[in-house]
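Protein chains: 2
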Amino acid sequence: MANAGLIVIGDEILSGKTTDTNTPFLIGELRALGVRLSEIAVIADDIAGIGETVRRFADRFDHVFTSGGVGPTHDDLTMAGVAVAFGVPVERHPELSSILQSYYASKQTTVLERNLRMADVPAGATLLGSPQLTWPVVCVHNVYILPGIPEVFRRKFEAIRERFRDVPFHLRQIFVTSEEGEIARHLDKIAQKYEGVAIGSYPLLNAADDGHRVKITLESKDAALVQRASDELASLLGVEMIIRRS
Amino acid sequence: MANAGLIVIGDEILSGKTTDTNTPFLIGELRALGVRLSEIAVIADDIAGIGETVRRFADRFDHVFTSGGVGPTHDDLTMAGVAVAFGVPVERHPELSSILQSYYASKQTTVLERNLRMADVPAGATLLGSPQLTWPVVCVHNVYILPGIPEVFRRKFEAIRERFRDVPFHLRQIFVTSEEGEIARHLDKIAQKYEGVAIGSYPLLNAADDGHRVKITLESKDAALVQRASDELASLLGVEMIIRRS
Numbered sequence: 001m002a003n004a005g006l007i008v009i010g011d012e013i014l015s016g017k018t019t020d021t022n023t024p025f026l027i028g029e030l031r032a033l034g035v036r037l038s039e040i041a042v043i044a045d046d047i048a049g050i051g052e053t054v055r056r057f058a059d060r061f062d063h064v065f066t067s068g069g070v071g072p073t074h075d076d077l078t079m080a081g082v083a084v085a086f087g088v089p090v091e092r093h094p095e096l097s098s099i100l101q102s103y104y105a106s107k108q109t110t111v112l113e114r115n116l117r118m119a120d121v122p123a124g125a126t127l128l129g130s131p132q133l134t135w136p137v138v139c140v141h142n143v144y145i146l147p148g149i150p151e152v153f154r155r156k157f158e159a160i161r162e163r164f165r166d167v168p169f170h171l172r173q174i175f176v177t178s179e180e181g182e183i184a185r186h187l188d189k190i191a192q193k194y195e196g197v198a199i200g201s202y203p204l205l206n207a208a209d210d211g212h213r214v215k216i217t218l219e220s221k222d223a224a225l226v227q228r229a230s231d232e233l234a235s236l237l238g239v240e241m242i243i244r245r246s
Numbered sequence: 001m002a003n004a005g006l007i008v009i010g011d012e013i014l015s016g017k018t019t020d021t022n023t024p025f026l027i028g029e030l031r032a033l034g035v036r037l038s039e040i041a042v043i044a045d046d047i048a049g050i051g052e053t054v055r056r057f058a059d060r061f062d063h064v065f066t067s068g069g070v071g072p073t074h075d076d077l078t079m080a081g082v083a084v085a086f087g088v089p090v091e092r093h094p095e096l097s098s099i100l101q102s103y104y105a106s107k108q109t110t111v112l113e114r115n116l117r118m119a120d121v122p123a124g125a126t127l128l129g130s131p132q133l134t135w136p137v138v139c140v141h142n143v144y145i146l147p148g149i150p151e152v153f154r155r156k157f158e159a160i161r162e163r164f165r166d167v168p169f170h171l172r173q174i175f176v177t178s179e180e181g182e183i184a185r186h187l188d189k190i191a192q193k194y195e196g197v198a199i200g201s202y203p204l205l206n207a208a209d210d211g212h213r214v215k216i217t218l219e220s221k222d223a224a225l226v227q228r229a230s231d232e233l234a235s236l237l238g239v240e241m242i243i244r245r246s
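Just so you know, the sequences run in chain order A and W. Each residue of the first sequence is one higher than the one before, starting from 1 at the first, in my numbering. Each residue of the second sequence is one higher than the one before, starting from 1 at the first, in my numbering.
If you are wondering where the hints come from, they were derived from the structure by calculation, not from laboratory data. As the structure is a prediction and not an experimental result, all values here were calculated from the model. Any given hint might turn out to be false.
Which copy is meant is left open, because identical chains are indistinguishable; a pair holds if it fits in one copy or across any two.
What the hints assert, rightly or not - Listed next, the in silico DSS-like pairs over lysine-lysine satisfying Cα-Cα at most 30 angstroms (straight line):
| no. | residue 1 | residue 2 |
| --- | --- | --- |
| 1 | K193 | K107 |
| 2 | K17 | K189 |
| 3 | K193 | K17 |
| 4 | K221 | K193 |
| 5 | K221 | K17 |
| 6 | K107 | K189 |
| 7 | K215 | K107 |
Make a model of the complete structure from these sequences and hints.
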């Protein structure tokens with residue numbers, strides 16, 4: 001099963017100036033694609049910190065996505081950080097440069113040297129284009145560099161999403177009236193017996209309107225296996241405590 | 001200036017089964033307290049991974065907060081992970097144990113062995129109580145262990161928040177009509193001259209209703225310094241491009 005990591009780069013998220021909507025979006029997308037999201041890091045605008053985090057993620061995960069820190073200003077340090085992670089210099093990319101030149105020409109404005117900085121990428125970067133995209137996605141090894149602006153993050157991810165599609169997850173849920181302490185031994189038993197099924201237990205502070213106090217989730221890429229695990233857990237729990245299953 | 005790290009523990013966040021509201025809450029709280037949030041990690045329910053992340057954060061940041069993974073079920077691994085981080089065993093805490101016993105006695109239910117597991121904490125942990133709290137906050141060195149349930153996370157943090165209060169941040173904002181490329185050189189100049197002021201530049205995809213395309217933020221713990229930097233930047237930018245300041 002492919003796994004992924006997400007690195008959100010930006011002081012504005014850590015300081016609460018901007019609400020991070022790219023993370024919830026990517027969580028949903030990766031889940032729907034059947035990709036396990038293994039870790040999220042939210043880090044500051046700092047080259048060394050970006051470099052260290054990208055290195056760690058690129059070593060551990062199949063796919064790494066970064067959000068933010070691309071642009072022409074002093075606080076846009078993602079390209080430099082990714083370059084540090086892979087020990088390569090930042091270089092002006094001829095194809096990106098000409099895309100930028102054409103863009104500014106089409107607006108009949110002179111391209112500023114500062115705007116051309118957006119063509120400076122880690123050496124060896126590849127460009128992933130698509131007919132829907134004005135700008136391609138910059139990719140370095142297994143790291144996909146996406147911008148922080150939510151509309152653009154979304155558009156760029158959607159243009160490359162199919163390359164990540166994997167076997168889908170299958171989810172079963174059981175909603176029970178009991179507290180976690182009472183059901184823990186049953187969960188242990190099923191978790192031990194069905195190693196290929198991820199089992200979660202999520203209590204509420206107060207019972208929900210329908211009376212459930214704990215939501216149990218069972219998840220696997222094997223539909224038959226997760227169904228068996230769910231059925232066996234339900235019979236251990238007993239019908240009295242089960243409000244509903246899905 | 002004190003800094004902090006937040007570690008959110010839970011497969012349910014990474015898989016999108018639960019929306020993480022503790023992070024936005026803590027971002028706002030720490031900002032209001034004058035504490036710099038330096039990094040956020042969202043990680044899976046895995047003892048080794050929790051241990052490694054807690055170790056890294058505890059070494060780097062003044063205060064570390066964890067969210068989630070405490071409770072009586074098999075997927076509640078935060079205490080074990082924090083114990084690994086500090087190389088200590090998990091032990092039953094007599095005071096926590098008696099609090100749990102009293103709680104179940106007050107509900108006239110027998111306390112289950114599984115519920116008493118919530119009294120198992122890393123050796124050397126201290127308890128931070130307050131009159132508002134039924135359960136104290138468990139603290140190991142500079143790591144504050146908070147539960148994932150949002151209402152309880154919030155209540156527990158609010159009970160201990162004053163111990164983190166620091167000199168407040170001062171924020172100035174300038175909203176401009178220009179693109180980032182046009183203002184980048186002015187930002188560079190102010191960023192270089194005022195090292196004690198953090199300067200951010202946040203573009204919109206399309207101009208806002210009031211016409212601004214970029215929000216510039218200037219922030220510091222020195223109110224006079226940030227005001228000077230903001231005034232000097234405004235005069236570099238020129239009144240024509242400034243929509244408003246705050």
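- Any hints this thing doesn't respect? Which numbers, in order? 1
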